[in-house]
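Residues per chain are reported as follows:
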Amino acid sequence: MQTALAPKPSVPRTSRVARFWRDYGWAYLFILAPVLLFLIFTLYPVLTALIMSFQKYNIMNSTWVGLDNYERLVKDETFWKSIKNTVIFTVGTVPVNILITFVLSYFIYQMKSKWQTFFKATMYLPAVASGVTISIVWLAIFDPTDSGLLNRFLGLFGLDPVIWLGQSGTALFSLILMNWLGSHGAGIILYLAAMGGIPKSLYEAADIDHASGWTQFSKITWPLLKPTTLYLLVTGVITSFQVFISVYLMTQGGPNFATTTIAYLIYETAFKFYEFGLASAQSFVLAIIIIVISVIQFKYFSSDIEY
Amino acid sequence: MKSTQKKILLVVASILLVVWALVTVIPMYWMLVGSVQDSAMSASFKPQMIPEQLSLSPYERFFAKTDAWRWLYNSLLISIILTVTNVFFASLAGYAFAKLKFPGSQAVFWTLLGTMMIPAQVTLIPLYILMVNVFDLGDTYTAIILPAAVSVGNIFLMKQFMSTLPTSLIHAARIDACSEFGIFWKVILPMAKPGIAVLAIFTFVASWNEFFWPFLITNSNEMRTIQVGLASFVFAESTDFGAMMAGATIGALPMIILFFSLQRYFLQGITIGAVKG
Chain A
55 MQTALAPKPS VPRTSRVARF WRDYGWAYLF ILAPVLLFLI FTLYPVLTAL IMSFQKYNIM
115 NSTWVGLDNY ERLVKDETFW KSIKNTVIFT VGTVPVNILI TFVLSYFIYQ MKSKWQTFFK
175 ATMYLPAVAS GVTISIVWLA IFDPTDSGLL NRFLGLFGLD PVIWLGQSGT ALFSLILMNW
235 LGSHGAGIIL YLAAMGGIPK SLYEAADIDH ASGWTQFSKI TWPLLKPTTL YLLVTGVITS
295 FQVFISVYLM TQGGPNFATT TIAYLIYETA FKFYEFGLAS AQSFVLAIII IVISVIQFKY
355 FSSDIEY
Chain B
4 MKSTQKKILL VVASILLVVW ALVTVIPMYW MLVGSVQDSA MSASFKPQMI PEQLSLSPYE
64 RFFAKTDAWR WLYNSLLISI ILTVTNVFFA SLAGYAFAKL KFPGSQAVFW TLLGTMMIPA
124 QVTLIPLYIL MVNVFDLGDT YTAIILPAAV SVGNIFLMKQ FMSTLPTSLI HAARIDACSE
184 FGIFWKVILP MAKPGIAVLA IFTFVASWNE FFWPFLITNS NEMRTIQVGL ASFVFAESTD
244 FGAMMAGATI GALPMIILFF SLQRYFLQGI TIGAVKG
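Here the protein sequences come in this chain order: A and B. Per the working numbering, residue 55 is the first one in the first sequence, and the count goes up by one each step. Per the working numbering, residue 4 is the first one in the second sequence, and the count goes up by one each step.
So that you can see chain A by itself, here it is in the shape it has in the complex (with noise of 0.2 Å):
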């Protein structure tokens, strides 16, 4: 017997289940594939390098050790030269690298439409080489005697060849100096397309008003480009607290720990000592730095963007 709160008698369970399927299956289908791989080869290993950043990790049989690993890590010394490092290979390299874009971009914008292309290609040309490539390339670029490109150059103008990445006077800043020369082709690209998005009405309206060339930059240009300024910011920030391979090429983290990086750190420890357990405390501490890095440069930057 039917009551008038009960559902409609034609819809029994199993059928609800069928049309939910029907309706979504397909759905939860074409997202199963990146879900796994996404549970295996993320989530699986995030959960895990936790467990283990607690661990004295082995294969066999790994010791729950607390937070000595965080403990030890805090008092050593190459640790914090890591960071101290990375902090300075970062704030050497990102603002300079986006001054730098960002003038180009300015000035490549006032070109023809055939020159920008040009430049744009050209100057996009290295971000095709892989890193290898580019640290091999600067290797011979930075070599010691006087065959060095650098110290060539430099000898153009009488000053005595440079051992650039032999002494931790120079080599931190050597790999700055290769990163500050680099590409910069993503960021110009992203730029040309963000100043071709004002709109002109704003600089007409601005030259009615007599504003000066300055205030047109200052009000118009640089405020509507923040997005992009961000943009690169961030992910600037991200790859460099990450940078890896020119380390490992062309210097090893040295002389002296001249230019440990803190990936090139957890690297060393995870793989050449196997400590697993304190290289998983070192990354954890690294994601932390990045998560929070990235989320004051959103707050703080995003704050005042209007479209």
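Please keep in mind that the hints were generated in silico from the structure rather than gathered at the bench. Do not take every clue at face value.
With the C-beta cut set under 7 Å, the calculated list includes, among others, these residues of chain B facing chain A [claimed, not checked]:
id : residue
1  : P122
2  : Q124
3  : I128
Just so it is clear, the structure is predicted and the values come from calculations on it, not from any experiment. We put the beta carbon where it would ideally sit given N, CA and C, even for glycine.
Dock chain B against the given chain A, drawing on the hints supplied.
Chain B only, in chain A's frame:
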């Protein structure tokens, strides 16, 4: 007054741009000229910016001393497979997230996206142990390929691109009793070709240039990719300047050729998803 200002700006801009274009290209140029001058004889070899005598012997030495052909084959195979899997799965998932409404879609999407902030170093050690000790897949193609089979960044790109496609065609196909996968395959994919082209190119280049994971997970010479092989060569033979430059060129040249032939896609592609993302 205003136009003289503009003219001065243009002159300054042109000079600066030409200088910077040279700065950008000189390392690549030097790699190329360094690879075609013979440096075998002396340790104090000084390659010339304008080579006096061209010689391919650095390339001969590079290929003779290494398994470069095998490494190139590995890189090509892996890059092609990764391009296919990424394009297929990222389009499929991107389409589902952009156009299909289903319970939990937002939660799943933002969870995936959120993990992009976690640096690779965190997952690296467990991933390595999982592959080598649990699945016993160390030093195999499967181990190199599986974790990179579809990246979250690519799903995000495809979702952005798919959401610009007209929904009306999907409804029309559904009325015509086309299956959901049929709609994806016959309606969506053909419309998404520009986005797919960009995704394919960038995935191919990124896979070709990938270093860290293949470097960790491979340990035999035959399983190395060209980037990993190159790095090992530098450690073994860092005094042979010419062969090093030849190797660096071999590692980059296929991508440089690809760049020049598909320049338009490269230069347009970067802006998809990044601007107002």
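Taking each numbered hint in turn, which are not upheld by the structure, reported in ascending numerical order? The structure conflicts with no hint, since it agrees with every one listed earlier.
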